[in-house]
Each structure stands twice: as C-alpha cells, then as structure tokens.
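Visitor: Chains as they are written, first to last, in the UniProt record's numbering: chain A, 1 to 276; chain B, 1 to 275; chain C, 1 to 336.
Errors might be hidden in some of the hints.
Partial chain C-side listing against chain A, Cβ under 8 Å, derived [stated by the list, open to error]:
no.	residue
1	Leu174
2	Gly182
3	Thr183
4	Pro193
Per label pair, the in silico range of CB-to-CB distance [claimed, not checked]:
no.	chain 1	residue 1	chain 2	residue 2	range
5	B	Thr135	C	Trp13	50 to 60 Å
6	A	Asp82	C	Val159	31 to 41 Å
7	C	Pro107	A	Val41	23 to 33 Å
8	A	Gly90	C	Pro107	22 to 32 Å
9	B	Arg62	C	Trp13	20 to 30 Å
10	A	Gly23	C	Pro107	21 to 31 Å
11	C	Arg188	A	Ala83	30 to 40 Å
12	B	Leu104	A	Tyr28	13 to 23 Å
13	B	Thr135	C	Ala7	41 to 51 Å
14	A	Tyr28	C	Val159	24 to 34 Å
15	B	Ala31	C	Val159	48 to 58 Å
16	C	Gly169	A	Arg97	12 to 22 Å
17	C	Leu20	B	Pro247	54 to 64 Å
18	A	Pro139	C	Val5	26 to 36 Å
Now the stretches of chain A that chain C is said to cover, found in silico as 3 or more residues with beta-carbon under 8 Å [claimed, not checked]:
no.	stretch
19	108 to 122
20	126 to 135
Derived from the structure by calculation, the hints contain no laboratory data. Note that the Cβ used here is the ideal one computed from N, Cα and C, for glycine as well.
Each chain, written out:
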Amino acid sequence: MTAVREQADGGATGAEPLFEATGLVRSYRLARTSPFGPPGVRHAVRDVTLRLADGAALGIVGESGSGKSTLVRLLLGLDRPDAGTVRYRGRPVVAGRPRALRWFRREVQVVFQDPAASLDPRMTVGAAVAEPLACLGVPGDHDERVDEVLRAVDLDPDVRGRYPHEFSGGQRQRIAIARALAPRPRVLVGDEPVSALDVSVRAQILDLLGQLAERHRLGLVLVSHDLGVVARLCDQIAVMRGGTLVEQGATADVLSRPAHPYARALLAAVPRLPPP
Amino acid sequence: MTTDAAVLEVTDLRVRLGGVDVVDGVSFALAAGERLGLIGESGSGKSLTALAVLGLLPAGARVTGSVRLQGRELLGGSDRELSRLRGRDLAMIFQEPSTALNPLMRVGRQISEPLRLHRGYSRQAAARAAVELATAVGLPDPQRLVRSYPHELSGGQRQRVCIAAALACRPALLLADEPTTALDVTVQAEILALLGRLVAEAGTALLFITHDLAVVAAVTRRLAVLRRGRVVETGATDDVLRAPADPHTRALLAAARLTQWNLPAAGSAAARTSP
Amino acid sequence: MTGSVGALVRGVWGSRSGRLGAVLSGLVVVAAVVSLVWTPYDPSRVDPAASWAPVGTAHWFGADRLGRDLFSQVLVGARTTLVVAVAATAIAAAVGVGLALLATLPPRLVAEGVAHLVDVLLAFPVLLLAMVLAAVYGGSRWTAIVAIGVGAGIGLGRVTRGEVRRVLGADYVLAARAAGAGTGRIVRRHVLPNIAPTVWVQLSLILGLSVLTEAALSYLGFGTPPPTPSWGRMLSELQPYLTLRPLTLLWPGLAVVLTVLGFNLLGDGLREAGDPRLRERPAGGSDGAPRTAAAATTPASTTPAPPAPAPMAAVAPTAGSAPRTRLRWVRGEGRA
Ligand SMILES: Nc1ncnc2c1ncn2[C@@H]1O[C@H](COP(=O)(O)OP(=O)(O)OP(=O)(O)O)[C@@H](O)[C@H]1O
Ligand SMILES: Nc1ncnc2c1ncn2[C@@H]1O[C@H](COP(=O)(O)OP(=O)(O)OP(=O)(O)O)[C@@H](O)[C@H]1O
Ligand SMILES: [Mg+2]
Ligand SMILES: [Mg+2]
Chain A
1 MTAVREQADG
11 GATGAEPLFE
21 ATGLVRSYRL
31 ARTSPFGPPG
41 VRHAVRDVTL
51 RLADGAALGI
61 VGESGSGKST
71 LVRLLLGLDR
81 PDAGTVRYRG
91 RPVVAGRPRA
101 LRWFRREVQV
111 VFQDPAASLD
121 PRMTVGAAVA
131 EPLACLGVPG
141 DHDERVDEVL
151 RAVDLDPDVR
161 GRYPHEFSGG
171 QRQRIAIARA
181 LAPRPRVLVG
191 DEPVSALDVS
201 VRAQILDLLG
211 QLAERHRLGL
221 VLVSHDLGVV
231 ARLCDQIAVM
241 RGGTLVEQGA
251 TADVLSRPAH
261 PYARALLAAV
271 PRLPPP
Chain B
1 MTTDAAVLEV
11 TDLRVRLGGV
21 DVVDGVSFAL
31 AAGERLGLIG
41 ESGSGKSLTA
51 LAVLGLLPAG
61 ARVTGSVRLQ
71 GRELLGGSDR
81 ELSRLRGRDL
91 AMIFQEPSTA
101 LNPLMRVGRQ
111 ISEPLRLHRG
121 YSRQAAARAA
131 VELATAVGLP
141 DPQRLVRSYP
151 HELSGGQRQR
161 VCIAAALACR
171 PALLLADEPT
181 TALDVTVQAE
191 ILALLGRLVA
201 EAGTALLFIT
211 HDLAVVAAVT
221 RRLAVLRRGR
231 VVETGATDDV
241 LRAPADPHTR
251 ALLAAARLTQ
261 WNLPAAGSAA
271 ARTSP
Chain C
1 MTGSVGALVR
11 GVWGSRSGRL
21 GAVLSGLVVV
31 AAVVSLVWTP
41 YDPSRVDPAA
51 SWAPVGTAHW
61 FGADRLGRDL
71 FSQVLVGART
81 TLVVAVAATA
91 IAAAVGVGLA
101 LLATLPPRLV
111 AEGVAHLVDV
121 LLAFPVLLLA
131 MVLAAVYGGS
141 RWTAIVAIGV
151 GAGIGLGRVT
161 RGEVRRVLGA
171 DYVLAARAAG
181 AGTGRIVRRH
191 VLPNIAPTVW
201 VQLSLILGLS
211 VLTEAALSYL
221 GFGTPPPTPS
231 WGRMLSELQP
241 YLTLRPLTLL
251 WPGLAVVLTV
261 LGFNLLGDGL
271 REAGDPRLRE
281 RPAGGSDGAP
291 RTAAAATTPA
301 STTPAPPAPA
311 PMAAVAPTAG
321 SAPRTRLRWV
331 RGEGRA
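Here chain A stands alone, though its shape is the one from the complex (with noise of 0.2 Å):
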C-alpha cells in the first residue's frame, strides 16, 4: 500500500537524522451508538516513521480527517502514543512533565491549525508572543524580539496591548507564527500555517520561511492542503491518508508522479486560475 521512493527517509541516507518517528500509533475510543454496542476505535495515526534531516523540511498533505494533526501533537510530544516512538537528536521525546521536555521546546515550536482556539482569550497579544521567550528562559531582550517578529509578519508592534479578538483571522495566525519564531526555533512545526493568510501576506510568510531555511537552516514540517506551498518550501513531501503515509519522497517527483492514486486524485482536484 505504502508507495516509498527511494529517498524517503528525508535525504539523510546514513547520516543520523534530527527529528525521528518510529512506527507510530494513536487511536481514540468513540462513543456508542448504541447503548450495548461495544465502543468504537477509530485509528488516527496508524504505523507511521517518519525522518527529518537537519535543516530539511518536509510537507504533510492528506485527506481532512487523515490523522495529520493527531500526528504533529504526537511528533511535539503534547500526545502519547499508543505504540511507537518519537526522538530529537536521537533523545526520546515522551509526552509527561512539562519540564522533562524543555530542551525540545527550546529548539522545536509550532504553530497549531485553529489561531483562534490556540491564543488565550485573556493574554494580550504582546504577553502570547513573549510566552516561550519567557518559558524557556531565551536570553536577551525579550520585548525587542517581539518587536522583531511582530514586524517579520507584518503586524504593528503597537498592537501588543490588544486581545486576539480584536483581529481578523489572518492576523491571529500572523500572532500564531510570530509566537513561534519567536524563540528561534531549529525546527518549525505548522499545521496549516498559512490557511487564513491572504496571498500577498502568505507571499511574504512562505519568503520569510524559506529564508530561515536557508540561512538558519530551520527545519520544517508543514501540514498543508495547499500544494503550492509545499512544492515551494518542502524538499520532501508525505501523503498521508486513513492514518497512514500512503507515499512519501521528494516533493518534485511525487508531485509530478504520483503513484498512489489518492495522491493523483488530490494532485487533480488543485483548483486553478484562469490564464492571465
């Protein structure tokens, strides 16, 4: 079932990857639908590895439904899986006490699918972006930074002082992603983290991104439904679908042959423009 091409473990053949997941698992119990009908399972994520190498960035695109964001609590460790293992830097990365994990906070950070749930409706704006900064103990001068990263996405850094319901969806996930880079993350984490940008503003995001790649060497992962950002900012690409990776490889030739035929079907309903 699984379509892997040859460099689908990210490009880092033989070299220890940074980012490492091993045979995954996580399943949730539904309710009943009958009173005496045994309860339901529903597999989220089946069996999946996954490898990022240092400074690589890889796309997840998939079905909705398809166990993406189930996968990125499990990579974050916010998750226990049922099976399997997650590792950075070859240490074990396992969902406990907030503590035990904060060398993988400071080094990975994410931006989660819904901004609006995702930013405390009490924090002002300012106090948000600033929470990892001041969690992880990041030295220099925290307000400057935020400063810094407000500007990088195009938000005025006066509006620090404001609550998240005071913006428009696209400026929450400008707040989601400054609070992320904020703290100079290796790695970047996103779940859909441009889907309520408008295209000018996802222009800037998506160049923003790649420039960190490229002279920080951030590493990514991307869940996106959208194609276009994948192929600009991933090297590698994994479709997932049902809980597991149904083809992984380099974004280049799964994008321009695909072998599994959700792939093609996901590949053929891209909604196009016009000819100029």
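Guided by the hints, dock chains B and C with the ligands onto chain A, whose structure is given.
Guide: Here is chains B and C with the ligands on its own, set in the frame of chain A:
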C-alpha cells in the same frame, strides 16, 4: 417580492470599531441564485461585512447604512427579530469553526438545531436530518460522528459540521467566510459542488469570502475586492482576474500566481534543493 | 494582571450593576470604618430611660428594650459583618481554588481521590461544622469565619473543578505547553485568568452568603458572642419583639439585605469588567439559531453571557470599549 429582486441589498455599510471605519461604505446586491465573491487582503473587513449583515458584530461596533434582506431592513432591527431569521433565511459559515461550535454539545444536535428551532422538527426527525446533512458534507461514519463532541473532530471535520448546520434550513442567503480553508482539495471540491447545488436548487444567494483566487474563480460569477474597508474593484470574476484594474488587486493576483502550484511545469517545485 | 487593575476599576464603575454594587459595599465599609472612631453612643451602654426610644434625633434608629442605641449597634455590627464576610470569603477562595486544582492537576489517582473527597464533604452542612467548632473551641467570630469559609470553599471547589478542566483541555493550554510553559505558569497565566469570571461570581455570592450565615450563626449562638454587636445577634435579640416593635428589626434586616445585594452586584460588575471579550460577545443566540448564528456559544464561558445591548442598534458604543484612535497595524502601505 418578484423573483429577480435582490435577496440582499447592502448600501453604504459602515462599521466603526474603536474609532476606525473598518468597513467604510460598502455597497453590493445579491439576487436569488447569485454567487458573489468577496476577496481582499487580511484585515480588509471581509468578515466584519458578513457579520454586519448577520447582525452579530462585536458589541461596541457602530454600524450605519442599510442591509436589506428580501426587501426588509435588518440594521436597527431587534435582536429577537434577527435571531428568528438567522439560521433560517440567512446563515453564515464562520471563518474559525472552533469559535462557532459549542464545545459541550454533540455535533449532531448542533447541525440540526436550526431545523428544530425554525422548522419545528421533532427530536427524531432532527437526529435523522443531522445524519443526512453530515453525509451530504462528506463526513465519514456519520452515524457515529453526530454523537461526538467538537473536540473529537479534526479541523476539517469541524468546518464541515458548521457548513452542514448552515445549510440545514436551505437559507435564502448564505454567507460563507472562508468555508474551505481547513479542507483538502478533494473534499473542498465536493463541498464547492454541494454549495453549487444548493444555489441552483434552492436559489440561495451566496456571498463567498475567500483568499483562494482559484476557488473564487471556480465558484463565483461576480467579484468584489475589498481593501481597508472599501470596495476597490468589482466586476465579472473572469474579467477582474484576467485584467484587474486596481493595482492592489494586480499585486494580489501576481502573488497568487507566484504561490500557485503548477501541474506539469513544476519549475518552482522544490526550489530549495537539499544540501 | 497587575497593570489591568486600573482598567478593572474603571470597568466596574462603568457598568450600572457594578456601580450600584460598589456604592452599597462602600457604604458598609464606610460604616465599619466610622464605627472605629465614632459612634453616637457606646453600643452596649444600657440606658433604662431610653428603652424602646423611637426613631428621632436622639436615637436615629431608635433603641432596644435595654435602651441601647440601634444606630450605634448597626455601625459596629458592620465591622463584625465585614470582617467575617471578607475573611470567610478569602478562606473560601483559597480552599475552593486549591481543591479544584488538586482535583485536576496531580496524577489521576490523587486527583480523583480529591474530587471524591470534595463530593463527600459537600454533604456536610456548614451549620454542623460551626457547631462542632463551637463545641471544641467555643463560639467566637473565628469559628464562624472558619466554618463559613471552609464550607463555602468546598462548594466553590466543586464548581471550579469543571472550569479548571475546561481550561486545561483548551487548545491554548496545549499551545502554551508546546511553547514550553510548565504547570505553574499554565496555572498562573492561563487557568486562573480564565476561571476568574466564574470564581468572581461565586465569591460574590459567598460574600453575601457569609453575611447571612454569620447572622444565622450569631442568632443561634454559635458565632459572635455578646457583647460584640453583630447584625445577626441584633436580629436574634430583637426577634421576640417582632410583633410589638417591628421597626427595630428593620434596621439590621435592611443592613443585611443591602450588603448582600451590594456584594452580588459588585461581583457581576467585576466579572464583566475582567473579561476582554464581554464587549465583543454579541447578545444573539440566547434564543435564535445558536451556532449557525454563531458565536452565541462562547467556548470559554459556561456562565451565561449577560444580555449585552443589541449589537444592531446603531447607537453609541457600549461602555467599556475605550475608543481607539487608530488601528495602525492594519496592513502597511501597499506592497508590490
Ligand atoms: N479527541 C479525539 N477523540 C476521538 N477522535 C478523534 C479525536 N481527535 C481526532 N479524532 C479523529 O481522528 C481522526 C484524525 O484527526 P486529525 O485531527 O488528526 O485529522 P487531520 O488530518 O488533522 O484533519 P484536518 O485536515 O481536517 O484537520 C479524525 O477522524 C478525527 O475525527
Ligand atoms: N473586535 C474588534 N475590535 C477592534 N478591531 C477589530 C475587531 N474585530 C476586527 N477588528 C479589525 O477590523 C479589521 C477587519 O477585520 P475582518 O475580520 O473583517 O478582516 P478580514 O477581511 O476578514 O480579514 P481575514 O482575511 O484576515 O480574516 C481588522 O483590521 C481587525 O483588526
Ligand atoms: Mg488537522
Ligand atoms: Mg476574516
């Protein structure tokens, strides 16, 4: 009302929030069965325009102008009157599904609530309708899904729950605020087809807000471009996208073409080759 | 949170209920403070000549059977009431929030144990607790304070537990964990601010309730012992003359009622002023189509949103939303 009269007529709509006109004199009209696209940069006032039509602006907002639904003025109407219309004659798909769903209510009930409220459905009929609607928006295992709570769904599933609830009463006017951002392109295509059928069969007038210019090209006939609360350009979708008059629209399109992924050329694909 | 105290005060004063609550509660505080330095008479001075003196210039509220001045007693009683109410509420806050955190944060086994303990303790009446304490330590103001505080705190813990669970399950807590926040920080920066609205309302109810309970306990003889005047004791001493001298009972009764009302209104005002979103949340949806029409169901609030003014009304902005002169972060000048 004659059939060709406007379902929605917005005239000189102004929304003032915190001393700034975030919507600044917007006018447009929508006939039955018509599909109007509303695009524009982030923060240009698209969502607030839709919320103003719905009468759900944040408290503290001042609104002036006129919003007529089927000839009836909505601005200044009592909340009671409006809530009788909401969900029945006009419905909205919200940009951020998590904020529109009640975390403590099973999604099936949330889907069918408009039917119970406005159409007097019995509990059983509503439950059946919820399953049908969930099936219509392509939710997997609908029998079971309607019994789950919002936090048990994926982002795209939640968005489809909102869509199903908005479509439940086949409203005369549907305000869709980025209804497919959390959906992959295959599901998106299904949802767009479903909206198309609703418009064709029920004569729903559709206001479609999106960032995705390719989607707007596929869905709508007419297009209005918003910038800083003003309509800077309006016209047939094809014309606007082919030859935009406003420089900002042009910039928007250029950016869209830049980030668009192109099938065979794949020239820009993997622009950054791994070391 | 410290920087927002000023905003909180302005917000409370801005809402009608908050202002009324502040005025009424302020009156009690003023009465208590004044009683420290001045009362028309010594409240416990017996003056047979003034027995059942009528309301007048000599005795503003009249006098009781022993000729003690009622106005002086009400003034000094305010002190007792305030001390008991505030101290009991502070204990309740600590006990309640503490129990709620203990019932959610520690490992499952411990948390569930605490949760069950709370459920069992809930069945234990405050009165019984006060009687036990009074039997062991003798009835005093402190037995009343501790009994009321602990009793109400357990109830508060039960209510708050659900709120804490809700906040801990929210996406923004997950995001905070992903950002590197430890448990302490999550509690301080996310849980406490987000349960605050519920806790404020509960505490204002407890404040009012403790005024009543103190009165009841003193009335029954388990609270403030004589000769310290308290509204409860006044009520209990005057009660035999209810039919003969109804007016005398009016004063302590009115004092209790107005104080309870004031505290409750103040709590409402605090809750509204402390929530950045209450200005935003539209009123719609308490009836009409909730979800399709929306935001009606605030994910972050189980307390019903107060009837905000209809957002449609094209009139002046609602109080509390400070006018802002500019929105400069709106996208910068056109980019090519
Ligand atoms: N807490 C939960 N309880 C039960 N089922 C869950 C829970 N969380 C997720 N699921 C289910 O697991 C599956 C995968 O969900 P996930 O959120 O990972 O999907 P996704 O790939 O991110 O989809 P989308 O693109 O729509 O966001 C879905 O079918 C969802 O219904
Ligand atoms: N409650 C509020 N208080 C103050 N300003 C607000 C509030 N809500 C929105 N705004 C501002 O109004 C402007 C328009 O917001 P709106 O949500 O309509 O944008 P939008 O066009 O939908 O953008 P997006 O595409 O990013 O969702 C934004 O600049 C936003 O910051
Ligand atoms: Mg997801
Ligand atoms: Mg919007």
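Visitor: In ascending order, which of the hints set out earlier in this document are inconsistent with the structure?
Guide: Of the numbered hints given earlier, the structure breaks none, since each of them holds.
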